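S.K.: These are the residues of each chain, in order.
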Amino acid sequence: MIVFEGVVKRFGATEALRGVTFTVPKGVVAGLLGPNGAGKTTTLKISAGLLRRDEGRVSVLGLDPWEQGEELRERVGILHEKPAYPPDVPAKVLLRHLARIRGLTWEDALRAAKLAGVERYLEHTPSSLSRGYLQRLGLAIALLGEPELLLLDEPTANLDPSARREVLTAIKTLGEEMGATVVISSHVIPEMEQVCSYAVVISGGVIAAQGSIADLATVLGAEVEFLVSSRNPRRLASLLIADDCVRGVEVDGERVVVRASSRMRQRVEALLEEARANGLAAGWEIRSRSLGEVYERVVQASR
Amino acid sequence: MTAATAAVSALTFFFTLTLVPAGMPSPGLFMVLFFTHLGYSVIALTSASAMVSDLRSTAQVFLSQPLSRTTYALAWLAALLTSMLATFSAMLLSFAVIDPSLLSLVGHDVASAWLLDGALLSLVLLLAALWLRRASALIAVWAVVEFGVPLLLSDERLAQVAVLLRPLYSVLWSAMVVGGSLLAASALLAATLTLLLLRLAKTRLEV
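Sequences listed follow chains A and B, in order. Going by our numbering, the first sequence opens with residue 1, and the numbers climb by one from there. Going by our numbering, the second sequence opens with residue 1001, and the numbers climb by one from there.
Just so you know, these hints were derived from the structure itself, not from any lab. Keep in mind that the hints are not guaranteed to be accurate.
Partial selection, computed: residues in chain B whose CB lies under 10 Å from chain A [said to hold, decoys possible]:
id: 1; residue: Val-1052
id: 2; residue: Arg-1056
id: 3; residue: Thr-1058
id: 4; residue: Ala-1059
id: 5; residue: Val-1061
id: 6; residue: Phe-1062
id: 7; residue: Gln-1065
id: 8; residue: Leu-1067
id: 9; residue: Ser-1068
id: 10; residue: Arg-1069
id: 11; residue: Thr-1071
id: 12; residue: Thr-1203
id: 13; residue: Arg-1204
id: 14; residue: Glu-1206
id: 15; residue: Val-1207
Estimated spans, in silico, between C-beta atoms of each pair [stated by the list, open to error]:
id: 16; chain 1: A; residue 1: Ser-130; chain 2: B; residue 2: Trp-1131; range: 32 to 42 Å
id: 17; chain 1: B; residue 1: Arg-1056; chain 2: A; residue 2: Thr-23; range: 45 to 55 Å
id: 18; chain 1: A; residue 1: Asp-88; chain 2: B; residue 2: Ala-1140; range: 40 to 50 Å
id: 19; chain 1: A; residue 1: Asp-54; chain 2: B; residue 2: Trp-1131; range: 11 to 21 Å
id: 20; chain 1: A; residue 1: Pro-35; chain 2: B; residue 2: Ser-1112; range: 32 to 42 Å
id: 21; chain 1: A; residue 1: Gly-62; chain 2: B; residue 2: Arg-1204; range: 21 to 31 Å
id: 22; chain 1: A; residue 1: Lys-114; chain 2: B; residue 2: Ser-1112; range: 45 to 55 Å
id: 23; chain 1: A; residue 1: Arg-267; chain 2: B; residue 2: Arg-1204; range: 55 to 65 Å
id: 24; chain 1: A; residue 1: Pro-35; chain 2: B; residue 2: Ala-1086; range: 49 to 59 Å
id: 25; chain 1: B; residue 1: Ala-1078; chain 2: A; residue 2: Gly-62; range: 30 to 40 Å
id: 26; chain 1: B; residue 1: Asp-1099; chain 2: A; residue 2: Arg-131; range: 57 to 67 Å
id: 27; chain 1: B; residue 1: Gly-1039; chain 2: A; residue 2: Arg-57; range: 42 to 52 Å
id: 28; chain 1: A; residue 1: Gln-68; chain 2: B; residue 2: Thr-1046; range: 26 to 36 Å
id: 29; chain 1: A; residue 1: Lys-114; chain 2: B; residue 2: Pro-1100; range: 13 to 23 Å
Some chain B residues judged to face chain A by a derived CB distance under 7 Å, without partners named [claimed, not checked]:
id: 30; residue: Ser-1057
id: 31; residue: Gln-1060
id: 32; residue: Thr-1070
id: 33; residue: Ala-1143
Please read these numbers as outputs of a predicted model, since none were measured by experiment. Every residue gets a Cβ at the ideal spot worked out from N, C-alpha and C, and that includes glycine.
Model the full assembly from the supplied sequences, consistent with the hints where possible.
M.R.: Right, here's the structure in full:
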């Protein structure tokens, strides 16, 4: 889906990217994580063909973003970190104009507005919208034409907590409903834990780590989380907590949330297989609630 | 189109400019044409400054759509040329209202030269906007093109008519008063600058 090979980008004497190499597979919600100034925005802009790389190779959806940007952007939606919209043009007019550029109808634009949850504010001008709704307008613009790839640059930046929650929920829903590959750049790790299944960690213009969060957690010995569905969650929880490979157990409705060190992943899976054989566990999925831990370890190791 | 070709075209233009004998329109018409040009040059400067501002703000929203960089640059050029045509049309309309016979004074060569001069100024300003990306630098380029270069290249033969206005002559504007033979050179320069603008947009327009 996205392939970077040895990409270098300079701004004058400053080298923003120093031989960046990573891949983002199709269908994931990937977090492009890194501290401020790590090169996240530059990476996203090169992916969209808005910036030219100085060295290396980039392929996005099989296209060269700089040379085939027009073709690529028909299939990609972009939300910028600090998007600037014409301040006095109603959101409706702006959205319709951008939809026309993409060869879409007003109905298509309206669908994108509904998906982003901004349809009630289309008569407002950007200057009269709150930051939360400006981000939602940006999301609606990014969703025009239901793109295969969404590039979201700090989508929750400068938002209050409730707006952050709203935007994150919208992103999560969109990823699930549209089946699009989503790349989100952020340095707010707890938020990324809620939505990402894949991570690319960038620090100082180089890639420090990449992979599924569960794999990264395993490699780095961080904590993983098993979401186990069960008809008898309390009994399953009491069985699991007795084993010393489990760090913690929580009952959440008909699910049991099991936390364990990633090094104990296989042992916990064996326990769960046993529970499934006994009819106590119906199934499970592995998540990492420890992206922060992974991130800290990767960034520290790269320094 | 390479930079070398562009340079040769520019040199050809300026060389021709200095050799072709002047044939002035009447002083009254000249002043009207000149001040209309000056008015348009302010519009062009404002528009090019708006482009600089756009490149720092809303351009990334539009260029994030399936829109090529050359289309973006051409859209700005089209906007400037439309303003120029509107300015020229307004001038002709004023002539028609005041005295329709004045229209006969504006021959096709004078009109072509005026329009070419405006187009050349528009292209220079858009190139500067795209290359320098600073409003202050744009004002400097405008001042040099409109006042600095004409001062340096001013022709003695024009001095009697426009001694007061001489510092304000644009070198491109001067093309108008030296007769039709210069139009081809101006047109060639305009075409060259258009190609340069498109090339620059394709290779350097980052947002």
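S.K.: Next, verify each hint and record whether it holds.
M.R.: Outcome of the hint check:
no. : hint                               : in the structure
1   : Val-1052                           : violated, 14 Å
2   : Arg-1056                           : holds, 8 Å
3   : Thr-1058                           : holds, 5 Å
4   : Ala-1059                           : holds, 9 Å
5   : Val-1061                           : holds, 6 Å
6   : Phe-1062                           : holds, 8 Å
7   : Gln-1065                           : holds, 4 Å
8   : Leu-1067                           : holds, 6 Å
9   : Ser-1068                           : holds, 5 Å
10  : Arg-1069                           : holds, 8 Å
11  : Thr-1071                           : holds, 8 Å
12  : Thr-1203                           : holds, 8 Å
13  : Arg-1204                           : holds, 8 Å
14  : Glu-1206                           : holds, 5 Å
15  : Val-1207                           : holds, 5 Å
16  : Ser-130/A - Trp-1131/B: 32 to 42 Å : holds, 38 Å
17  : Arg-1056/B - Thr-23/A: 45 to 55 Å  : violated, 32 Å
18  : Asp-88/A - Ala-1140/B: 40 to 50 Å  : violated, 30 Å
19  : Asp-54/A - Trp-1131/B: 11 to 21 Å  : holds, 18 Å
20  : Pro-35/A - Ser-1112/B: 32 to 42 Å  : violated, 59 Å
21  : Gly-62/A - Arg-1204/B: 21 to 31 Å  : holds, 25 Å
22  : Lys-114/A - Ser-1112/B: 45 to 55 Å : holds, 53 Å
23  : Arg-267/A - Arg-1204/B: 55 to 65 Å : holds, 57 Å
24  : Pro-35/A - Ala-1086/B: 49 to 59 Å  : holds, 51 Å
25  : Ala-1078/B - Gly-62/A: 30 to 40 Å  : holds, 33 Å
26  : Asp-1099/B - Arg-131/A: 57 to 67 Å : holds, 59 Å
27  : Gly-1039/B - Arg-57/A: 42 to 52 Å  : holds, 50 Å
28  : Gln-68/A - Thr-1046/B: 26 to 36 Å  : holds, 35 Å
29  : Lys-114/A - Pro-1100/B: 13 to 23 Å : violated, 58 Å
30  : Ser-1057                           : holds, 4 Å
31  : Gln-1060                           : holds, 6 Å
32  : Thr-1070                           : violated, 10 Å
33  : Ala-1143                           : violated, 27 Å
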